[in-house]
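S.K.: Given chain A, put chain B in place with the hints provided.
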Amino acid sequence: MDFAIETVSLGMRFGDFIALEDVSIRFRPGTVHALLGENGAGKSTLVKCLIGYQKPSSGQFIVLNKEADFASPRQAHEAGLGMVYQHFTLAEQMTVAENFLLVRDPIPLVVDWPKEKQRLSEFMNAMPFKLDIDTPVSQLSAGEKQKLEILKELFFERRILILDEPTSVLTPQEADEVLGLLRKMATETGLLVILITHKFREVSGWCDMVSVLRKGRHVGTVAVAESDNQRLAAMMVGDNEDAGQSAKATPNSGHTSDKTAGLSITDLILDTDRGRRLDKLNLTLSGGEILGIAGISGNGQRELVEILSGIHAHYQGAIRISGAVFNGSRKQLRVLGLNIIPELPLQNSCVGRMSLSHNLAFRDYDLPPLSSKAGFLMLGRIEAAALDKIAEYGIRSPGPAAPIEKLSGGNIQRAVLARELRTDTKVLVLYNPCFGLDFGASAFVHAKIREARARGAAVLLISEDLDEVIGLSDRLCVISSGRIALEGDPKTLTTAEIGLHMAGHQVS
Amino acid sequence: MLSFIMALVAGAVRLSTPFLFVSLGETITEKSGRINLGLEGILVFGALSGFGASYLSGSALIGVVAAGIGGALLGAIHGWLCGRPGTSSIAVGIAMMVFGLGISFYLGKPLIQPKAPQLPDIDLGWWATSPAVRAALRINLLFVLGLLMAPFLRWAFRSTRYGLIVRMAGENAQAARAAGYSVECVRLLATMAGGALGGIGGSFLSLYYPGAWTEGLSSGQGLMAVALVIFARWDPMRCLWASLIFGAAGSLGVALQSIGISQGFHLFNAAPAMLTLIIMTASSSTSGNSGRPRELTVFS
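In the order they appear, the protein sequences are chains A and B.
The opening position of the first sequence corresponds to residue -9 in our numbering, with each subsequent residue numbered one higher.
The opening position of the second sequence corresponds to residue 138 in our numbering, with each subsequent residue numbered one higher.
One chain only, chain A, in its complex shape:
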């Protein structure tokens, strides 16, 4: 058998939209094969066809030497294909053993637990990673949950395993461990692992082959050993995109340092009904500097952003912005030039059903020129101001009167940037600013962040995307369990060091 899967000019249309066109890729057994591409490049569509969620509108594919025509995932499973989804499909309050049983088809009418547990233990012993079968899933770490998802698939002796961004919730160590084990299993047992990813690090570290998709087309398949990141990036974004250049747009050096602007946080503590979320967090940041905060989600990042947005009133510790004691009022945010771009901006800093122009005016609708002295809104001026921003930031929308929720994620992010990035911004706080954005939109956001720094703003960049933090920051902190666990120069810190602190290991 030469190929485990072979797609032959596979195509997928949704109405006029072409999601996949003429995709022919061959996947060898015993390899880890990456599918690389921007959001919307067609990776998910391709995989959904393979696993039987949708039928391709043209072309065909061959699985293990048999032409495949799956009407449902169940048929794909019977043919030996397994899939691990981006989001966990586990029952949290049930044990590891029970979760294994739930995917059996059919579930035995009466479960013989001693026998089942013995079978599971024997299976676990043969596996490269082990989990205690009696532990409730809710007590597992994210990495262990991901391992459980993979083990569940391997339990069925799959020949082909598709993983959709399996490392997005893992620390770099956990990711390396999981990917390393998958590669070992591939070379030892002839398993084909198809890995959907957008992380070059994972491609170059753990994959044998990589296929690049762009705008629904197969750009090329190359052996990882014969390629490099630059070439892959060029394949991903194509030649006519301006994405690459913004990375070099404004160099780190030469920016003006504004000593008056800045943010200092001392011994910040936040107790909520879910426990202590911030535990004596300290950081200082001055103008013309990007301070990156890396960490796994849920370690206090959201709460920190919420405090700076003025959402929490009951915290301990001192926050000073450009020397003034922070009180979170709307007026103070404006006077001191504190601007915030929270995660998921549609939910957290927009009103989805209000128009784009009104959403753009949230910061200054109540001031002249957008309001008259008597307090009436000047709707014409609000729309004119919106049109300016739409042009300046290249926001693609049906028009300023369209509800902002109708815009795509990238355009909503542009709109929020247009509102929050002002010439008088002194302190800029961003949380996962590129989450869910494609390559081009991310590059735009990054360029805007650098511009703000060049204007002398103090930028606090909180992100769960480690590559982003390392790439943009002048100084890097790692947040773990509500405190800063590590601070250093992103150029000299190693990924291993950062990951260790992200995972909360105490290093003596």
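Hint data in this document are derived by calculation from the structure and do not stem from the laboratory.
Some hints could be false.
[Stated by the list, open to error] Across the chosen pairs, the derived CB separations fall in these ranges:
| hint | chain 1 | residue 1 | chain 2 | residue 2 | range |
| --- | --- | --- | --- | --- | --- |
| 1 | B | Phe289 | A | Pro118 | 37 to 45 Å |
| 2 | B | Gly357 | A | Asp261 | 35 to 43 Å |
| 3 | B | Met374 | A | Met117 | 32 to 40 Å |
| 4 | B | Val235 | A | Leu171 | 51 to 59 Å |
| 5 | A | His77 | B | Leu285 | 39 to 47 Å |
| 6 | B | Arg298 | A | Leu171 | 28 to 36 Å |
| 7 | B | Met417 | A | Asn317 | 55 to 63 Å |
| 8 | A | Phe352 | B | Ser356 | 47 to 55 Å |
| 9 | B | Tyr299 | A | Asp6 | 44 to 52 Å |
| 10 | B | Gly357 | A | Ala303 | 35 to 43 Å |
[To be verified] Computed far set for chain B versus chain A, every beta-carbon distance over 10 Å:
| hint | residue |
| --- | --- |
| 11 | Ser140 |
| 12 | Phe141 |
| 13 | Met143 |
| 14 | Gly220 |
| 15 | Gly223 |
| 16 | Thr224 |
| 17 | Ala228 |
| 18 | Pro247 |
| 19 | Arg291 |
| 20 | Tyr346 |
| 21 | Ala349 |
| 22 | Gly353 |
| 23 | Ile415 |
The C-beta atom is built at its ideal place from N, Cα and C for all residues, glycine as well.
M.R.: Showing chain B alone in chain A's frame:
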């Protein structure tokens, strides 16, 4: 002192049965990821159907079966309504509670006077000489059934196909769908099963204690059972213990009277209501959430 304890135990056994059935039923429903607040209506409707069937057929056991069917019927309506897109199970539950009470009172008018055959006792205290002990050990058939039902359900949730499917639907609907189960169907059946048990709990009221059909039959046991399920952390065995505690609390007034303390009689009779308030307040904080089915989002 002995007579006080005996009175308390007897009261716990007697009053806990409706709590036990309703809370076991609600546990099944909530484990599937849906809440049924209409159990008060189901309880009273079960009491009426049980009493009516017993009166018409002359057999209290037929009455119990009819109560179960009646409860399942209301459960099916609740389950079907909640399955419609865009409906709120809270609003549907409250509407169903009002509906259940209203239709029971309407249909029950002719049944206020008659007497119906009652459920038999099992006399476990035949050996005793003390009348208090004998009274305490005279145990109703339904209580025994509930006593067996709790460990059975606990086992069923852990070790049977249907128990595991119900829990999967309540833990991760997406995963259940991916595994090929209809979450809607599972929840409908779980709501019906919960309704059947709630109805049987109601038949205890009209066919054993107090043992007649009146409009003031239930004093909110159906609502308190929702609190009880949270207190029991969705575990059938804990439902049993919690029901006994609620039953004992309800008979506190009577038990105190049996040793000559009649002061505050009505205050002590309100103990279950106070217990509900305390439990609801305590469990609305974080610790009460452990064991909560993840799809049951109304508590988070």
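S.K.: All hints, please: hold or fail.
M.R.: Results for each hint:
Roughly 40 Å separates the CB atoms of Phe289 (chain B) and Pro118 (chain A), a value that falls within the hinted 37 to 45 Å. Hint check: Gly357 (chain B) to Asp261 (chain A), Cβ distance near 36 Å, so the stated range 35 to 43 Å holds. Between Met374 (chain B) and Met117 (chain A) the C-beta distance comes to about 34 Å, which sits within the given range of 32 to 40 Å. As the Cβ distance of Val235 (chain B) to Leu171 (chain A) is approximately 57 Å, the hint placing it in 51 to 59 Å holds.
For the pair His77 (chain A) and Leu285 (chain B), the beta carbons lie near 40 Å from each other, so the given range of 39 to 47 Å is met. The beta-carbon spacing between Arg298 (chain B) and Leu171 (chain A), approximately 32 Å, falls within the hinted interval of 28 to 36 Å. As the Cβ distance of Met417 (chain B) to Asn317 (chain A) is approximately 36 Å, the hint placing it in 55 to 63 Å is violated. Checked against the given bound of 47 to 55 Å, the beta carbons of Phe352 (chain A) and Ser356 (chain B), roughly 52 Å apart, stay inside it.
Restraint check, Tyr299 (chain B) to Asp6 (chain A): a C-beta distance of roughly 46 Å satisfies the suggested window 44 to 52 Å. Look at Gly357 (chain B) against Ala303 (chain A): about 38 Å separates their beta carbons, and that is inside 35 to 43 Å. Annotated as non-interface, Ser140 (chain B) keeps its C-beta farther than 10 Å from every C-beta of chain A; the closest such distance is 44 Å. Once the 10 Å rule is applied to beta carbons, Phe141 (chain B) is consistent with being away from chain A; the minimum gap is 40 Å.
Distance to chain A confirms Met143 (chain B) as a non-interface residue, since its nearest Cβ pair spans about 39 Å, more than 10 Å. Chain A leaves Gly220 (chain B) outside its interface by the beta-carbon criterion, the shortest separation being 21 Å against a cut-off of 10 Å. Residue-level check passed: Gly223 (chain B) sits 17 Å from the nearest beta carbon of chain A, beyond 10 Å. For Thr224 (chain B), the condition that its CB be more than 10 Å from all CB atoms of chain A holds, with the nearest at approximately 22 Å.
At roughly 23 Å from the closest C-beta of chain A, the C-beta of Ala228 (chain B) stays outside 10 Å, upholding its exclusion from the interface. For Pro247 (chain B), the shortest C-beta to C-beta distance to chain A comes to about 45 Å, beyond the 10 Å cut-off, and the non-interface label holds. Every CB of chain A lies more than 10 Å from the CB of Arg291 (chain B), the least distance being 13 Å, so the non-interface label holds. No beta-carbon of chain A is positioned within 10 Å of the beta-carbon of Tyr346 (chain B); the least distance is around 36 Å.
Against the 10 Å criterion, Ala349 (chain B) stays outside the reach of chain A, whose nearest CB is about 42 Å from its own CB. Residue-level check passed: Gly353 (chain B) sits 39 Å from the nearest beta carbon of chain A, beyond 10 Å. Non-interface status of Ile415 (chain B) relative to chain A is upheld: no Cβ of that chain comes within 10 Å, the nearest being about 18 Å off.
The structure fails hint 7 only (numbered hints given earlier).
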